[in-house]
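> Order-wise, the sequence lines are chains A and B. Residues 1 to 242 in the working numbering are what the first sequence lists, from first letter to last. Residues 1 to 162 in the working numbering are what the second sequence lists, from first letter to last.
Watch out, some of these pointers could steer you wrong.
Stated by the list, open to error - Just a sample of chain B residues kept apart from chain A, beta carbon distances all over 12 Å, derived:
(1) Ala10
(2) Gly67
(3) Thr110
(4) Val126
(5) Pro150
Said to hold, decoys possible - Derived Cβ-Cβ restraints for the label pairs, each shown as a range:
(6) A:Asp119 x B:Leu101: 45 to 53 Å
(7) B:Ile116 x A:Thr185: 22 to 30 Å
(8) A:Asp156 x B:Gly118: 40 to 48 Å
(9) A:His126 x B:Ile116: 26 to 34 Å
(10) A:Glu169 x B:Pro41: 18 to 26 Å
(11) A:Asp156 x B:Val33: 24 to 32 Å
(12) B:Gly129 x A:Asp199: 50 to 58 Å
(13) B:Gly118 x A:Ala145: 16 to 24 Å
(14) A:Gln153 x B:Thr39: 41 to 49 Å
(15) B:Glu98 x A:Asp199: 47 to 55 Å
What the hints assert, rightly or not - Listed next, the stretches of chain B that the computed footprint assigns to chain A, with coverage defined by at least 3 CB atoms under 8 Å from CB atoms of chain A:
(16) 20-27
(17) 51-65
Worth flagging that the hints you see were computed from the coordinates, not collected in a lab. By construction, the Cβ of each residue, glycine as well, lies at the ideal position given by its N, Cα and C atoms.
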Amino acid sequence: MELVVGLLALVSAVLAVMVVGLLRSHAVILRALHDAGITLDDGAGRSASGARGEPTSRPDPEQRRDPVPSARHGRIGAVDLMGVTPEGDAIAVAIVGGGRRTLLAFLSSGCLTCRDFWDAFADPSHRSVAGPDTQLVVVTRGADAESASTVAQLADPDLVVVMSSEGFEDYGVPVAPYFLVVDGTEDRVVAEGATSSFDQLASLLKKATADARPIARTRRELLGRPLLGGSSSDRAARERGE
Amino acid sequence: MTVTARRLRAHGLSVAVPPGWHARIDRRVEASVVAPGTTVPISGTVHPVLHLSTVPLPARRGDYGSGVVDIMGRNDIFVCLAEFDAEAGATDLFANGELPLVRAVDFSPTAQQRVIPGMCGTQRFVNVGGRAFCLYVVLGSWRGRAGLVPLANRAITAIDLD
Chain A
1 MELVVGLLAL
11 VSAVLAVMVV
21 GLLRSHAVIL
31 RALHDAGITL
41 DDGAGRSASG
51 ARGEPTSRPD
61 PEQRRDPVPS
71 ARHGRIGAVD
81 LMGVTPEGDA
91 IAVAIVGGGR
101 RTLLAFLSSG
111 CLTCRDFWDA
121 FADPSHRSVA
131 GPDTQLVVVT
141 RGADAESAST
151 VAQLADPDLV
161 VVMSSEGFED
171 YGVPVAPYFL
181 VVDGTEDRVV
191 AEGATSSFDQ
201 LASLLKKATA
211 DARPIARTRR
221 ELLGRPLLGG
231 SSSDRAARER
241 GE
Chain B
1 MTVTARRLRA
11 HGLSVAVPPG
21 WHARIDRRVE
31 ASVVAPGTTV
41 PISGTVHPVL
51 HLSTVPLPAR
61 RGDYGSGVVD
71 IMGRNDIFVC
81 LAEFDAEAGA
91 TDLFANGELP
101 LVRAVDFSPT
111 AQQRVIPGMC
121 GTQRFVNVGG
131 RAFCLYVVLG
141 SWRGRAGLVP
151 LANRAITAID
161 LD
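Whenever a hint applies, use it, and build me the whole structure from the sequences.
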């Protein structure tokens, strides 16, 4: 009897070891897939960071935690803008297919932080903050949510301003001020994020261009605390407490 | 809204903006001061102007493309449809009919508002259903006009009068 009990205990122990081993193996596979930018919860095995759905070899760890806004989940990473000007005229701006780089500045007439950007963009030299051949387009929400006259007062007459709530939704803009750089040659968003001052925007754009990486990713970053500086790997290291 | 079916509409004009094109339909602010002895605004009656371009349209630009044509390259196109007083449509300058398409032979380097070497333009006046318009088209390349004309016509045919 004692022998049988002993054997059963031994079998149970072996099975427990095997189950633990399988669970660990499964965890390793899931982690490897995750690191490869492949998520299983959307049913499509889609990349978490590839603008066109291609897996990337080394995705931004912050992006893995919080996918990019909806506009970048489609086949095309960027969309054109259409709306009205603060003067009530109609405007359509080609963002994709034009082969140009575009800095989209999503601003509001009401937020105090946005004032710094309205003032900065009044200076023509600041409009090329994302590069000399970059078109700057300021986007506010439409007349349903913004005062056109206030926007007209804030915007320099030479600034291209599109009032379009659809633009905010198309690009999944979580907060104003928010910035995106679109590469019109590849029709994809190459950098995005929120900053609190023009100087910080200039610094982050410079860094993003140098790193060829997003300037910011997570909504937790945008809404919960100031943006971290440095490259994606720097930020990842800080997240790990290194 | 989709990229392939974007329609811009304002001031009695509309256009299905072709992908890759920039568009504006503006109407300048009319002077509140009238000319002495008349009810006509001192700066004239204001009518809408529609611009279509393959280059970004600056916020501040001339009705006939000042500020736009200057930044055009050899493969770029600028289309302007400017409305005039309806009475003007009754003059001989304005032909009755529909918005005209353009042909390569219509273009000339000297038909630009301000001649830019290498480019060419054409201007047509038309009365469409009692509304008077000037259609002005600038091509970025005189030599390459045969290839650009079909693209310009594709943009022109996207324009509708509301």
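> Which numbered conditions among the earlier hints are violated in the structure presented, ordered from lowest to highest?
1, 2, 8, 10, 13 and 14
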